[in-house]
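J.: Could you build the full structure based on these sequences and the hints that come with them?
One line per chain: the protein sequences are Y and D, in this order.
Using the numbering used here, the first residue of the first sequence is number 3, and each one after it goes up by one.
Using the numbering used here, the first residue of the second sequence is number 111, and each one after it goes up by one.
I should point out that these hints are in silico values taken from the structure, not numbers from a laboratory.
Keep in mind it's a predicted model, so treat the numbers as computed, not measured.
Where is the CB? At the ideal position from N, CA and C, for every residue including glycine.
Please note that a few of the clues may not be correct.
Pulled from the structure, derived: some chain Y residues nowhere near chain D, Cβ distances all over 12 Å [claimed, not checked]:
no.	residue
1	S46
2	P111
3	N183
4	A204
Label-pair ranges, simulated between beta-carbon atoms [what the hints assert, rightly or not]:
no.	chain 1	residue 1	chain 2	residue 2	range
5	Y	L283	D	I175	44 to 52 Å
6	Y	A321	D	D194	39 to 47 Å
7	D	G224	Y	R377	27 to 35 Å
8	D	R258	Y	S435	23 to 31 Å
Residues on chain Y that point at chain D, a partial pick, calculated with CB under 8 Å [claimed, not checked]:
no.	residue
9	T117
10	R294
11	A298
12	V393
13	Q394
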Amino acid sequence: MTTTDPAGTTVDEPRRRLHPLSPVLHGAKSIAVIVAALSWQTLSQVGVERFALVVLVVAVGVVVFSIVGWLTTGYQVVGRELRISDGVVWRRNRAIPLERLQTVELRRPLLAQLTGLAELRLEVIGGGKTEAPLAYLTVREATALRERLLALAGRTQSEAEPATEGPAAPALERPLVRVSNRDLVVSQLLTPQAFFLPLGVAFVVLQFVLEGSWTFVGIASTVTAMAGVLLQPVRRVLQDWDFRLARDPEGRLAVRYGLLETRNQVVPLNRVQAVGATWPLLWRGQGWLHLRLDIAGNAGEPGGDSKRSDRLLPVGDFATARGLVWEVLPGVDLAALATSPPPRRARWLNPISLRSLGVGFTPEVFVSRWGLLTREMHLVPYARLQSVRVVQGPLQRRLGLATVYADTARGRAGQAKDRDLAEAWALAAELASRARKARKPEEPLKDEAYWQKP
Amino acid sequence: MTVDALTPWPDTVEWRPVSPKLITVELIVRWSWSVIVVAGLVVGLVLQGHWLWWLGIGLVLANAIWRSFVTVRAVRAWGYAERDQDLLVRHGLLVRRLSIVPYARMQFVDVTAGPLERAFGLATVQLHTAAAASDARIPGLPPAEAARLRDRLTALGEDRAEGL
Numbered sequence: 003m004t005t006t007d008p009a010g011t012t013v014d015e016p017r018r019r020l021h022p023l024s025p026v027l028h029g030a031k032s033i034a035v036i037v038a039a040l041s042w043q044t045l046s047q048v049g050v051e052r053f054a055l056v057v058l059v060v061a062v063g064v065v066v067f068s069i070v071g072w073l074t075t076g077y078q079v080v081g082r083e084l085r086i087s088d089g090v091v092w093r094r095n096r097a098i099p100l101e102r103l104q105t106v107e108l109r110r111p112l113l114a115q116l117t118g119l120a121e122l123r124l125e126v127i128g129g130g131k132t133e134a135p136l137a138y139l140t141v142r143e144a145t146a147l148r149e150r151l152l153a154l155a156g157r158t159q160s161e162a163e164p165a166t167e168g169p170a171a172p173a174l175e176r177p178l179v180r181v182s183n184r185d186l187v188v189s190q191l192l193t194p195q196a197f198f199l200p201l202g203v204a205f206v207v208l209q210f211v212l213e214g215s216w217t218f219v220g221i222a223s224t225v226t227a228m229a230g231v232l233l234q235p236v237r238r239v240l241q242d243w244d245f246r247l248a249r250d251p252e253g254r255l256a257v258r259y260g261l262l263e264t265r266n267q268v269v270p271l272n273r274v275q276a277v278g279a280t281w282p283l284l285w286r287g288q289g290w291l292h293l294r295l296d297i298a299g300n301a302g303e304p305g306g307d308s309k310r311s312d313r314l315l316p317v318g319d320f321a322t323a324r325g326l327v328w329e330v331l332p333g334v335d336l337a338a339l340a341t342s343p344p345p346r347r348a349r350w351l352n353p354i355s356l357r358s359l360g361v362g363f364t365p366e367v368f369v370s371r372w373g374l375l376t377r378e379m380h381l382v383p384y385a386r387l388q389s390v391r392v393v394q395g396p397l398q399r400r401l402g403l404a405t406v407y408a409d410t411a412r413g414r415a416g417q418a419k420d421r422d423l424a425e426a427w428a429l430a431a432e433l434a435s436r437a438r439k440a441r442k443p444e445e446p447l448k449d450e451a452y453w454q455k456p
Numbered sequence: 111m112t113v114d115a116l117t118p119w120p121d122t123v124e125w126r127p128v129s130p131k132l133i134t135v136e137l138i139v140r141w142s143w144s145v146i147v148v149a150g151l152v153v154g155l156v157l158q159g160h161w162l163w164w165l166g167i168g169l170v171l172a173n174a175i176w177r178s179f180v181t182v183r184a185v186r187a188w189g190y191a192e193r194d195q196d197l198l199v200r201h202g203l204l205v206r207r208l209s210i211v212p213y214a215r216m217q218f219v220d221v222t223a224g225p226l227e228r229a230f231g232l233a234t235v236q237l238h239t240a241a242a243a244s245d246a247r248i249p250g251l252p253p254a255e256a257a258r259l260r261d262r263l264t265a266l267g268e269d270r271a272e273g274l
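T.: Put into structure tokens, the structure is as follows:
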């Protein structure tokens, strides 16, 4: 198939298929789910042979369905678009404009790791969920495709097709951070959940000892409850295992982590909407903090916070974090962020946490901080500001205060809580003008006649 | 220097009000709901005749009258201003809000008009950015003004387009 891309060059691009093993991998998941649904109860009712037969029929059905799905799924790069068609019953053709590409992530669940395959997930702005997971490709194909997509996304329309299409040599990457697994485990032990666990166990044991009865249901429910409580820290450890961060030759961030499911995410620096730093109470003894990247399009998957790939640093000391922030937002020194507190009368609204509130301007970012026990700081580069809002509630009006929000495309807005009203207007005006100046260099070509042309 | 939550920068920004006809629309909506609720209460009164029904009717009517005054003031509180680089929208009485949205950040513009709004020759223009929180909605615009605003916003948006 021959197509012409916007640059005018003719590209020969066949429609490609996913890896032939993908239906099997997809099928394996569904079969596991179905077998679990059929459960032991069915097994005891119908006998082993019947059960095996049912499972076999279901398995064949699933695999056939997956194969049909595989046959109908294809992708191709046309110009500056990635086109994906899939669906068995409902056919779907999607064209993804690559200039809207935010990040590309390579995920390898356990089964995929065993078979040497990977899933490629594209995060596109505006998508409510991850657009176009291409599952599965070989690692090599996936890496090559990712490089290509990012290269296409990064260049302007007039530039020519890049000469090299192969994957960049990993040796050229400049490693930035490696989080030691010991620190990671310790950090997750220093969470409220882990702290309450011994208490919970002691309480339950005590109860059982006093009552003198060890019922099976009681123990089972206790174990389930414990597992539920512990799930988040354990999941965190599994997900953030062997966390590594590097700058690739093009200056993008390459993030790798995960134990059972490894993830490998490449984030162009100009896609970073905001950076958040969190100092949890229990980590203070170690002087640790957590850094978060807000990227547009890393849409909230169901399961919320833990599923999202937005870590910049799962745990680290201040020096590491300072170095990282400098890498991601050049010119921003985490140690030199001065903030000014709201006026004294704001204590009527924040009786305890007044001292922890503050906002500040640096030449590059808008800084806001809050939180007494878990201290948080939020850095929004002016160039990424979407809008500025000033909100004044009834109590604030009494006190002559107002809150200023600096909205970004993703994540929580930077907020200057309970500032003096006159100062709030000044802040809003300052934010708007700084955002305008920060955008300026990225606004080429627009002479007045540009949009009047037919 | 006096500072008012609803009119910042009075010397540099020229605020434009929304059409007063929006008051009528809002009042019709508010009163039709009240009438429905009161009708329900009257049915109850006829069937049962307890004094509590009278109380209910009284409360609903009092609420409707009170809210009508609020509506009038709330509509007068809406305002917008076009500056060189950004659109300002202010609204709200109890919680006062002002949004500053740069044209360059515009993703798309919505112009909507419900049946009642259409009957009174009004339309709502809403500017969307990539941030879900930005809230730049201007109700109660005459269709000509809505179309002008839409065209101007799109033109400026294209001109300065960057989006993210």
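J.: Hint by hint, say whether it matches the structure.
T.: Tested hints:
1. Its beta-carbon lying about 51 Å from the closest one in chain D, S46(Y) satisfies the requirement of being farther than 12 Å from that chain.
2. Annotated as non-interface, P111(Y) keeps its C-beta farther than 12 Å from every C-beta of chain D; the closest such distance is 30 Å.
3. At the 12 Å boundary, the C-beta of N183(Y) stays outside the reach of chain D, the nearest C-beta of that chain being 35 Å off.
4. At roughly 44 Å from the closest C-beta of chain D, the C-beta of A204(Y) stays outside 12 Å, upholding its exclusion from the interface.
5. The given range of 44 to 52 Å is respected by L283(Y) and I175(D), whose C-beta atoms sit roughly 51 Å from each other.
6. For the pair A321(Y) and D194(D), the supplied restraint of 39 to 47 Å holds, since their beta-carbon distance comes to about 44 Å.
7. Hint check: G224(D) to R377(Y), Cβ distance near 46 Å, so the stated range 27 to 35 Å is violated.
8. Under the hint 23 to 31 Å, the C-beta atoms of R258(D) and S435(Y), about 26 Å apart, fit the expected range.
9. Below 8 Å, beta-carbon pairs count as interface contacts, and T117(Y) has none with chain D, the closest being about 36 Å; its hint is therefore violated.
10. Residue-level restraint check for R294(Y) is violated (minimum Cβ-Cβ distance to chain D is 17 Å; threshold 8 Å).
11. The interface hint given for A298(Y) holds, since its Cβ lies 6 Å from the closest Cβ of chain D, which is under the 8 Å cut-off.
12. Checking V393(Y) against chain D: minimum C-beta separation of about 5 Å stays under 8 Å; hint holds.
13. Proximity of Q394(Y) to chain D holds as hinted, the smallest CB-CB distance being about 4 Å (cut-off 8 Å).
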